[in-house]
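Trainee: Given next are the chains, with one letter for each unit.
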Amino acid sequence: MRALILAIAMLGFWLALSGHFTPFLLTLGVLCVIGVAALARRMGLIDAEGVPIELLAPAVTYFPWLFFEILKSAWAVTRIVLSPSLPISPTMTVVRASQRTSAGLSTYANSITLTPGTITVGLRGDELTVHAIVREGADDLEGGGMDARVRRFEGGK
Amino acid sequence: MDLVIEIASWGLILTGSFFIMVGAVGMNRMPDVFTRMHAASVIDTTGAGFLIFGLILQAGFTLVAAKLVFILLLFFFTGPVVSHALAQAALTAGVEPILADDRRPGHQATPDDTAGRAEGVAAEQGEQPA
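Residue numbers (this note's numbering), protein chains in the order written: chain A, 908 to 1064; chain B, -8 to 121.
What the hints contain is simulated information worked out from the structure, not anything from laboratory work. Treat each hint with caution, since some may be false.
[Claimed, not checked] Beta-carbon label-pair distances, calculated as ranges:
1) B:V16 with A:C939: 18 to 28 Å
2) B:V86 with A:R1007: 48 to 58 Å
3) A:R1007 with B:R95: 37 to 47 Å
4) A:P994 with B:V86: 35 to 45 Å
5) A:W972 with B:S8: 17 to 27 Å
6) B:F68 with A:S925: 20 to 30 Å
No residue lacks a Cβ here, since even glycine has one placed at the ideal position from N, Cα and C.
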């Protein structure tokens, strides 16, 4: 099932990139996709981590939410950069991640890094070391709002 | 209709360019490598995002638009990995972040502690053969 979905996704990706629709090239494309999917299956790459289809539906609401978060904090960093006094208060803190799967954990860590103003610099067990450009950024993460949102995403909502 | 798309597209492209400029200015103004990375992350999320959305409007409903979406996804999935690798490399190489507030267990951003760590670094370097 996962292999089939991976094959369909790869076929769509290949079609969009190639833009060739002659029968000969289409046949080659389909053969290559089948070959790659079979190889990935043999290598044991097709599991909940390699092809996380469970996360597709929750991603529909998660990514717009993340996008909005990125916009908000990008604007905050922009104001810091453009203000003459450069009001930064760099903070390093450790926050606990409550995600259960490695896909959820890496989504949380990467979401923190994607949001301007906070960077995940380390992950040990379920503890993320985070560098924030202002204290408020660290406070927000310690408050756990994003953690809870990623946990919902991971749980399929 | 064309005019509306054109205006929206150029609005997005100019917004993206603005954030890229802000990121560049920020990278020059920030005091150390970690704070510079925060400024840079404005470029590769918001700057590149607006720019590519503007270009998608320019491309219309074509394969080029699909490829631009792939580029954006590539940015969004590889960007944090690169940032993380850079931050890890800096920490491993012994770059001490300039901090106003250190909440890591076992660390405290007091002047005494800073001096202590500076001595520790000096001692480590002294042990290495010249």
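Trainee: Run every hint past the structure and note whether it holds.
Mentor: For each hint, the structure was consulted:
no.	hint	verdict
1	B:V16 with A:C939: 18 to 28 Å	violated (46 Å)
2	B:V86 with A:R1007: 48 to 58 Å	violated (33 Å)
3	A:R1007 with B:R95: 37 to 47 Å	violated (24 Å)
4	A:P994 with B:V86: 35 to 45 Å	violated (23 Å)
5	A:W972 with B:S8: 17 to 27 Å	holds (26 Å)
6	B:F68 with A:S925: 20 to 30 Å	holds (22 Å)
Figure legend: structure checked against the earlier numbered hints; hints not met, in rising order: 1, 2, 3, 4.
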